[in-house]
Amino acid sequence: MIDPHIQRIRARHSLSREEEEAIRAVMPPPIKVKRHAMAVRHGDKLDVSTLLISGLMGRYKDLPNGRRQFAQLHVAGDFIDLHAFTLKRLEHNIMALSDCTVVTVPHERLRTLLSDHPRIGMLYWFSTNLDACINREWELSLGQRSAAGRVAALFCEMHVRVTQIGDPGALDFPLPMNQSELAECVGMTPVHVNRTLRQLREDGIATFERGRVTIMDLDRLHKTAQFDPSFLYLDAIPL
Amino acid sequence: MQRLYFDIHNGTGLTEDHEGQAMPIEEARAFAIRSIRSILSDEVLHGMLDVTGRIEIRTGSGESMGRVKFDEAIEMRLR
Chain F
1 MIDPHIQRIR ARHSLSREEE EAIRAVMPPP IKVKRHAMAV RHGDKLDVST LLISGLMGRY
61 KDLPNGRRQF AQLHVAGDFI DLHAFTLKRL EHNIMALSDC TVVTVPHERL RTLLSDHPRI
121 GMLYWFSTNL DACINREWEL SLGQRSAAGR VAALFCEMHV RVTQIGDPGA LDFPLPMNQS
181 ELAECVGMTP VHVNRTLRQL REDGIATFER GRVTIMDLDR LHKTAQFDPS FLYLDAIPL
Chain E
1 MQRLYFDIHN GTGLTEDHEG QAMPIEEARA FAIRSIRSIL SDEVLHGMLD VTGRIEIRTG
61 SGESMGRVKF DEAIEMRLR
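Chains F and E supply the protein sequences, listed in that same order.
Numbers 1 to 239, taken from my numbering, label the letters of the first sequence in order.
Numbers 1 to 79, taken from my numbering, label the letters of the second sequence in order.
Note that these hints are calculated values from the structure, not bench results.
Glycine is no exception: its CB is placed at the ideal position from the N, C-alpha and C atoms.
Hints may be right or wrong, so weigh each one.
[Claimed, not checked] Each pair of labels, with its calculated beta carbon distance range: (1) S64(E) to K61(F): 33 to 43 Å; (2) N65(F) to E75(E): 14 to 24 Å; (3) D99(F) to P24(E): 20 to 30 Å; (4) M27(F) to E16(E): 41 to 51 Å; (5) T12(E) to A11(F): 35 to 45 Å; (6) P106(F) to S64(E): 50 to 60 Å; (7) R109(F) to H46(E): 45 to 55 Å; (8) T12(E) to S230(F): 31 to 41 Å; (9) P238(F) to H46(E): 43 to 53 Å.
[Stated by the list, open to error] Residues of chain E clear of chain F, computed beta-carbon distances all greater than 12 Å: (10) I25; (11) V51; (12) T52; (13) S61; (14) M65; (15) K69; (16) E72; (17) E75; (18) L78; (19) R79.
Required output: the full structure, derived from the provided sequences and hints.
This is the structure we're talking about:
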């Protein structure tokens, strides 16, 4: 059931059979989360961390006037709130953007796992650091990229992350969200995103329709985004 | 709540809204204005300002619910 998580670790680091068994042993049975349900709510006291097994989730903050900004997306195999292991509450919300499957791992079990297997602690520390790398890349987009650059950068990042397990290099991949949610990722209005998508489509670069991205010209998509994948640490140093 | 669609008509042609937004009609105009400002601000960053476009607001069945011209969304001072 948690195969995507194991695959995502192994995409960057080695994982022994014993370590894999130890991770599997702490995982409770999976739970379904409906599209648009809240997985973690701002301020709630947390004694579990949630591992996403299938679907797409988004981490966001909002203003009292209802305006919302996503800060990161999570794909199958990601812990969505491993940082809650130390923070114990989050100052942001995490919602399901599609129907999802998760397992919620009690912090007590994680504590035992990490004390028995310190190297797994290193691997999980790496994953929270990687979350921060992605957040910084989104800051760069929001602060410096043009409208088309922001959308293109998100497609480039998600292309790598979604196809990393299963189907590396596929030019067509699911990104099950609507244009309004995409707009809230890139800090634009839905109408502006719609126009930007039209531009990317007419330029023969990429399309986003019914929750799928289809890349027509990967090279030009990368150029539009000025994409540098080094923030994803695909060539991580062994831990 | 009804779903409203915001089609952009401007120099590059029609950008039809296939997705729409569930919102009360009284919020539609402010939403269109915010959208126009977002589009124009990105254009200005690229050294261009084309205010000849408009957003047509409609229902799913095509009934017109109003129009906001780009130049109504900003106050321009040319001298």
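How the hints compare with the structure:
no.	hint	verdict
1	S64(E) to K61(F): 33 to 43 Å	holds (36 Å)
2	N65(F) to E75(E): 14 to 24 Å	holds (22 Å)
3	D99(F) to P24(E): 20 to 30 Å	holds (28 Å)
4	M27(F) to E16(E): 41 to 51 Å	holds (46 Å)
5	T12(E) to A11(F): 35 to 45 Å	holds (40 Å)
6	P106(F) to S64(E): 50 to 60 Å	holds (56 Å)
7	R109(F) to H46(E): 45 to 55 Å	holds (52 Å)
8	T12(E) to S230(F): 31 to 41 Å	holds (34 Å)
9	P238(F) to H46(E): 43 to 53 Å	holds (44 Å)
10	I25	holds (16 Å)
11	V51	holds (15 Å)
12	T52	holds (15 Å)
13	S61	holds (20 Å)
14	M65	holds (14 Å)
15	K69	holds (14 Å)
16	E72	holds (15 Å)
17	E75	holds (19 Å)
18	L78	holds (25 Å)
19	R79	holds (29 Å)
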